[in-house]
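Enquirer: Mapping of the sequence shown onto mature numbering (1 follows the signal peptide of the UniProt record, and there is no 0): residues -24 to -1, 1 to 237, in sequence order.
It is worth saying that the hints were derived from the structure and are not from the lab. Not one of these hints is a red herring.
Simulated crosslink set (SDA-like; lysine to any residue; CA at most 20 Å straight-line):
1. 5 to 26
2. 112 to 38
3. 5 to 95
4. 112 to 102
5. 5 to 15
6. 5 to 84
7. 112 to 140
8. 5 to 94
9. 5 to 30
10. 112 to 236
11. 112 to 70
12. 5 to 89
13. 5 to 52
14. 112 to 44
15. 5 to 91
16. 112 to 101
17. 112 to 142
18. 5 to 92
19. 5 to 17
20. 112 to 24
21. 112 to 21
22. 112 to 138
23. 112 to 73
24. 5 to 29
25. 5 to 53
26. 5 to 98
27. 112 to 28
28. 5 to 85
29. 5 to 59
30. 112 to 36
31. 5 to 23
32. 112 to 139
33. 5 to 24
34. 112 to 43
Quantities reported herein were computed from a predicted structural model and do not represent experimental measurements.
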Amino acid sequence: MHHKSVLMPLLGLLALLAAPCAMASDLAKEQRWADQIVDALIDGEAIRLEAGATPFLGILTEADGASRAAIVLHGIGAHPDWPQVVQPLRARLPEHGWTTLSLQLPILGNEAAGEDYLPLMDEVAPRLDAGIAYLKERGYGTVVVVAHSMGAAMASDYLAGGDRGVAAFVGIGMGAGATRPGRTDNARSLARITLPVLDLYGSADLEDVVGSAGLRAAAAAQAGNDAYTRQQVDGANHFFDGRDDALLAAVSGWLEANAGP
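Work out the full structure, taking the sequences as your base and the hints as a guide.
Expert: See below:
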């Protein structure tokens, strides 16, 4: 299949890079995820992107005739076809006119906690830069970012750095405050983001997500961001289990109103 042939160079390079080196991301784990995804992928095409000298996996799912695209980002320790939140969005947003590009973010082993991800934050920007450039080069004039959990923290930190060529940001299950130190604290980042933001979470989300909703809203107000929207989905947990339709409706509806044609 075509997507297997595209990824063969990626898998070989990741094997070489998996040895101990200056990179913090667990590249061996990335390779294991890539092996599994390439073998099982049904919707979309696996592609090879590069962040400097580091290759990483992306999944492109195209919408016919679309001129707009969404970069989709997974949560802690996961991958770009994760069955909760990520796969439903990357596979179904094309039904609403959005091509999606789901990216592999830097990850650590299963035992790692959120604070352990702080050293990986500098590895995020080159991957998002590569994803945005890939889409822009293919004629997608509007690019947005839709990210879940730790992916949302990484994306908000990235977007707080200034103009990245992104039209809007959807952060799903964003935590903030003392439980999210430094650059993993979404409130810290939201205080510097002025582009349209959807802060989406479930009523049964993690305690630090629900409990810090006011803190995130205050941070957006500090940034003077009149395009910030906070939305709670009734009955949804952190992974929107059983609520994929509500998740898709919330994200696609907001994007149409705030980053549409």
